[in-house]
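Peer 1: Note that the protein sequences, when read in sequence, are chains A and B.
Mind the numbering: the first sequence is residues 28 to 334 in my numbering, read in order.
Mind the numbering: the second sequence is residues 92 to 338 in my numbering, read in order.
One or more hints might be untrue.
[Stated by the list, open to error] Covered stretches of chain B (in silico footprint by chain A; criterion: 3 or more residues with CB under 8 Å from a CB of chain A, positions within the stretch not fixed):
| # | region |
| --- | --- |
| 1 | 149-157 |
| 2 | 170-180 |
| 3 | 183-197 |
These are computed hints drawn from the structure, not numbers from a lab.
Note that CB positions come from ideal geometry on N, CA and C, so glycine has one too.
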Amino acid sequence: MDPIVQVEGLRKVYGSTVAVDEVSFEVHDGEIFGMVGPNGAGKTTTIECLEGLRKPDAGYVRVLGVDPQRDGQILRLRTGMQLQQSNLQDRMRVWEALDLYASFYPKTADWRELMAQLGLEEKRDTAFSKLSGGQKQRLFIALALLPDPQLVFLDELTTGLDPQARHAIWDLVRDVKARGKTVLLTTHFMEEAERLCDRVAILDHGRIVALDTPEALIRNLGVEERIVFNLNGKLPEGFENALSGKIRIETQGDRVIIHANNGRKVPLVSEVVNLLTREEIPFRDLRTEQPTLEDVFLSLTGREMKE
Amino acid sequence: MKSLLKMTWMEAKLFLREPVSSFFTLVFPLMMLFIFGSIYGNNPPPGSNSQGAIEALIPAFTAMIIGMIGLMPVTITLAAYRENGILRRLRTTPVNPLVVMAAQVIVVFAMTSVGMLLLITAGKVVYHVRFAGNAFSLLGGFTLASLSFFGIGFILAGIMPTARTAQVVAMVLLYPMLILSGAAWPRELMPATVQNISTFLPLTYVVNLLSGLWIGEGWGEHLLDIAVLAGMLLLGIVVSVKTFRWE
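The shape of chain B in the complex, shown without the other chains (with noise of 0.2 Å):
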């Protein structure tokens, strides 16, 4: 429990202190929203439903730190631990592999979690806006979201031979998934050929129970999203746990 704190503490010092890291999850969402929001305000964008623009953006931005959140650091930090031989120093010490994990997730969740609020205290604050769901509902959703975006990172870092495949990977999984699901823009305004193939990314689904759960609709409304990322979770515990090597 003590070297569980201990790693965790550290991690999160790590975390901030990588740069690139930081600033995707606590800055650049927020100047995404700002200028955003300088566009339109809170009034609904050009040919979206009524909703205030700004109201839509928070819950598909979150989306979108969960999906840069899992993809890189995750991926990059653990890959990058076994490559340098982090994990092999680690090992010739008593402590458990599990806390090694654990420390991670808790770390890159609670980033995510501030990047979220701070996301959601921007929009309360400079744009008033109108949050219509139930908190506890859209934390479980933000949760799983989370766990199952973090499940894929802990896979690629785990089948990819090096720190530097993985990294690329994640990339080209990442960027794709970031315009098309709908996280970086309405999904709506694209084409319906696009709006078929972004089904086949799990970011989408992200969108659509943050979105929901947002404006107000409950978890029954999405157990088509929630059986995804459920599956998704599963096979990120399974596969990280029989991929997991120590060099």
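Only chain A is shown next, with the shape it has when bound in the complex (with noise of 0.2 Å):
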């Protein structure tokens, strides 16, 4: 089966700055799809290219089999698009919109139907301005699934909501991928992509530095895993030694954090343990500490991730 979207050699410049460069990747049917990184990465202007709504300066897309640019008419019939700024008429009422967008396609999801599945219908009556960022986006995923389209764009749908909003909003998307439909999104939330997508691409200057499934991600890059806890006094002689593998033991104070490399064959908390119920060792506050994507953009970039 093709692709849902093939991109080779993407590139797109603004005046003397490259925004995107050299940037390739594939969507399959089915999948959830992110593009992760800071802001001015080059995140949404691979998604607008995608969209049609740029022109790129070089490369080839294709998206559900046709060029954006040449038969865009095709894509805004088949493929639903939530975008990062937009807004509706702030004295829309959330059914109008529904229904007014829902005139646009010949043939559409039932929108009453929509709204009630993502949790609108007491904001039936509601004007747009008097909702809140989590349901405008609900509002927006409900508009972008309006034509039942084959493919979902996704914009940095969680940016400026709360955590709950947030949470919220990752469940509905995983009810679209259940509804058989592709989504492709764009985030500069690491958790949010590692939550969410099946695969991920981190990129960072307008070019990929990293692309395959979170779980690979970490896994690959070798990034340490951490167990912390505190102590009442001091670890005995020797402790390290008795522990499997390439480790470090680090303490500060009362608190002791044992670096290992990710992906051993004994998960290492169940070692620790193991080690100190055996030699009696009175310990408190033990917690592990994963690697995540955050460490893997850290480690790729050598820069923190920041907002």
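Assembly of the complex is requested from the two constituent chains, each provided in isolation within its own frame, with the hints serving as guidance.
Peer 2: Structure (structure tokens):
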């Protein structure tokens, strides 16, 4: 089966700034594909080239098998798009927006059903300007799903939302996937990409620096995992040698941090807990710190992700 | 077609929900009519010809509505739709930009017509005004004048960089025009210099045309007015199509 989205050597320049350079990837049917990176990494430019809203300077782009520049109308009929910056009229009500947008397509999903599924039924008669950030985004998702599209673009869907609203939106995106639709999203939250996406492209300065499943990205980079706990007193001599593999122990007063490479045979945490129990060493507040995509980004670019 | 109908209906609702634009189109001209009516009744105003004051005011106030609608709601709505990303959202759908423009034109034209009908009805019922003209030629003149003024609004929305500047420029153009063109006060009562200045104001031609048609003059007697307004309409169409931007 042909990929839903095919991008090869995409390049877009604004004046003297290269926004996107040599970007290539494919999105497969039924997956949630994420582009993640800091602001200005080129995510939105890339997605807008795919949506047909921007004209690439170079490269090959096919979405649902068509060229977005030449056959934009086909894409507008068969994809759903949620944009980073867009609005509806302040005084337009939720049901009116759905009803109006439904009239643009020859065939649509039932907007009343969508309104219920996205939890907007109670807000049916509420004006757009009176909706919360999360409700506005849910309405935009509903509008994007109206044409019953094969592919949904979601650009910075949860930016500006509080954590609770963000988690609710994640569940909705998983629902979209469960309906058999392909999702292409951008985000600058590493956690969002990690929790939501089947595959992730990490962008930095307009280039893809890594592309894989979140698990593989974390595993392959050999980023460390950490066990942190507090002790009354000191660790006995030779504790380090009693643990398997290559580890490093760091102490900060009462706190002990054990670093180990990711991807061990025996999970580090069970080995440490077993050893502490066997040696009858009293410990408290033990927790593990798994590496995240955040760590992957840090090790790939040498920089922290900033909001 | 379905989308044009829905869009037009939606825009009509939004127009009426916007208190400022519905007040100035539908209520304010009526208020003016009653204020002037309570001062003069339908007697000829001092220094004017023999036409009753209210009879002279109805076409003039209709011109006022046309001027206000063309410059304020049309300009502000379009510029704000672009600035706020409303057009951007529409652009991701298969809807044709002409549908967006057409819905605007239909709605503001309908609102202007309602404004005029309210004036005529109030004039007939309260002041028993006489209408000596031909209804069809008045309607024709009204349509031409309205569309050519919407054209100004479309041009401003198209060429001004932000909604804010479009609004300011629209107001700067509108207020002198309302006062000097004879839409709010008969031109004959103004000094000659002011009358000369008013020949440069497009709204003056609307006032002349509608006032003439109201008292039964034919289109043939207003060729200059018609030429100016038709020219504006043409310019409006060309410029608004050329300058249309989604964002």
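Peer 1: Now look at each hint and say whether the structure bears it out.
Peer 2: Quick rundown of the hints versus the structure:
no.: 1; hint: 149-157; verdict: violated (count 0)
no.: 2; hint: 170-180; verdict: holds (count 6)
no.: 3; hint: 183-197; verdict: holds (count 4)
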